[in-house]
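Asks: Using the sequences plus the hints, can you model the full thing?
Protein chains: 2
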Amino acid sequence: MENKNWLAGVDVGGTTIKLAILDEDGSFITKWEVPTDISDSGHHIPGHIASALGDKLYSLDAGFKDIKGIGVGAPGFIEADTGFIYQAVNIGWRNYPLKERLEKETGVPVFADNDANLAAAGEMWKGAGDGAKNMLCVTLGTGVGGGIISEGFVLHGACGMAGEIGHITSVPEGGAPCNCGKTGCLETVSSATGIVRLAMEKIESNKAGALYDQFENTGMITAKDVFDAAEKNDQSAKEVIHEAMYHLGLAIGNLANSLNPNVIVIGGGVSKAEEKLLNALRPHFDRFALPKIAEETTFQIARLGNDAGVIGAAWLVKEKG
Amino acid sequence: MENKNWLAGVDVGGTTIKLAILDEDGSFITKWEVPTDISDSGHHIPGHIASALGDKLYSLDAGFKDIKGIGVGAPGFIEADTGFIYQAVNIGWRNYPLKERLEKETGVPVFADNDANLAAAGEMWKGAGDGAKNMLCVTLGTGVGGGIISEGFVLHGACGMAGEIGHITSVPEGGAPCNCGKTGCLETVSSATGIVRLAMEKIESNKAGALYDQFENTGMITAKDVFDAAEKNDQSAKEVIHEAMYHLGLAIGNLANSLNPNVIVIGGGVSKAEEKLLNALRPHFDRFALPKIAEETTFQIARLGNDAGVIGAAWLVKEKG
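Protein chains in written order, with our numbering: chain A, 130 to 450; chain B, 130 to 450.
Since the hints were made in silico from the structure, they are not lab data.
The list makes no distinction among identical chains, and a pair is therefore deemed to hold if it is satisfied within one copy or across any two copies.
Straight-line Cα separation of at most 25 Å, SDA-like style, residue types lysine to any residue; simulated pairs:
| id | residue 1 | residue 2 |
| --- | --- | --- |
| 1 | Lys421 | Ser170 |
| 2 | Lys421 | Phe282 |
| 3 | Lys133 | Gly192 |
| 4 | Lys421 | Val218 |
| 5 | Lys367 | Val300 |
Replies: Listed below in structure tokens is the structure:
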């Protein structure tokens with residue numbers, strides 16, 4: 130019987146491992162999740178991935194001979210050429226030969242990359258990038274993550290750190306402290322966490338308005354709440370959104386001046402605000418980007434959600450396999 | 130007789146065309162210049178390049194069969210894949226099929242790219258980049274130019290505008306007007322022109338100090354003069370250098386956070402200040418770059434001067450030919 134030439138995509142997170150089998154065109158055959166076993170510094174993970182994939186292939190009347198390879202994304206610093214993990218803090222891997230281990234367990238070629246890079250590749254292939262060869266992917270979540278695709282290639286940089294756009298310095302003087310050790314990083318003002326932080330500052334100083342009322346009533350504020358309140362013309366919320374989007378527009382406008390993307394894809398929790406987000410962001414971007422760049426660049430909300438990582442991992446197999 | 134497999138490099142500027150023939154290892158066989166004939170919208174240029182190369186090859190007992198191809202750099206927006214020039218203002222080309230014309234004149238393969246990109250490639254191959262695969266090249270001259278090399282490839286972006294780092298917005302509010310139509314661009318504060326502009330502001334407002342005296346005596350100030358005066362502890366000069374290097378350090382620190390280069394190469398007229406420049410720049414860069422990026426990135430002064438363009442053009446033939 131002929132081999133099926135399927136692509137396996139795996140997205141290893143701190144809590145769950147997402148897995149998928151896709152056909153060569155990037156359509157899902159199946160997708161599922163298993164819990165991540167981070168015991169023993171994550172050393173059991175390759176075995177678990179191999180048996181999860183093996184069992185699933187068996188249930189599909191197939192075997193490892195039917196997959197062209199396995200793409201794996203993980204959070205951390207990864208040497209893409211060798212599939213060597215320098216460090217993946219949430220998983221426990223440190224100087225871990227992931228590619229080698231997983232190839233030994235499965236007998237098929239393995240390709241690894243940083244999870245944010247693969248999410249960007251997934252959006253390029255099957256999502257909001259829509260095949261664009263020059264793409265900037267910005268994830269506004271707990272932090273601000275990023276992936277840069279130039280002429281169809283994911284950029285890695287000298288030691289796998291390319292795309293760390295959350296640590297662009299947005300507030301050079303007097304900015305809030307960031308986990309990275311610097312102050313005033315983009316993610317201190319434009320991530321979900323940053324927007325909530327700015328909102329809480331308003332709530333504490335004003336003790337009035339829609340955000341204050343909501344926080345008093347529910348005990349919580351999300352970034353989306355702030356966008357909603359701004360749309361209802363709440364002054365504090367409007368100021369917070371202005372500040373967050375001003376810095377985001379400046380940072381990605383400057384990146385676009387240097388990288389000239391076709392499309393900028395915005396994902397992560399904050400992107401749930403969709404058009405409200407893009408409408409608030411676009412004027413700042415247009416002001417700080419070169420006129421021709423502003424004209425040529427389109428914005429899209431990410432489309433693949435949590436599937437971006439496994440689709441990007443499958444793309445990696447398609448590209449390199 | 131065997132073909133020599135030489136590489137021809139051509140750097141078309143508004144005043145002169147620089148030409149060179151190099152061996153496969155990038156050593157010069159010969160280099161020379163001819164004036165640029167920009168009459169008739171630059172339509173005579175391919176013919177002039179062909180005859181200049183043909184004559185030189187003849188004088189070397191060689192012919193077009195001995196060159197693997199011709200690399201050409203020009204200022205403007207160029208589609209690298211097709212060698213089509215959208216626009217090269219100083220030359221007069223507009224929607225000009227340079228590759229096609231020059232191939233017709235010479236009968237050998239032609240490859241074209243933006244001159245700043247090729248200067249970066251030249252420095253990567255034979256200059257300060259010293260073979261680094263991830264390089265950011267910054268040219269501080271009349272404006273601020275740039276070239277980005279990632280994993281050994283020159284980045285072009287969606288419409289050939291990648292690397293336009295001079296138009297990063299450095300002064301978001303109240304900055305000086307820039308030729309591009311925006312205000313506060315990096316090149317308004319950190320180019321040779323920008324440094325002299327800031328110095329002239331000091332001279333006009335203070336009417337005292339080393340810069341004022343020099344301007345009164347000689348009628349001119351260069352960026353290098355400002356670095357020299359700052360080193361001699363002139364307060365105005367120190368403030369100018371601080372401002373210019375603060376904005377440059379912030380802009381390229383942020384770019385380095387996104388691109389993770391091995392090396393940042395500084396060229397152009399301002400780079401004649403050499404160690405004074407790097408010493409003034411480095412603390413700002415280190416402050417705004419991620420700690421690991423600051424640690425891993427080295428700075429170099431460009432080494433090839435005016436030869437960078439023809440060497441990069443020859444590299445293009447080597448890579449693509």
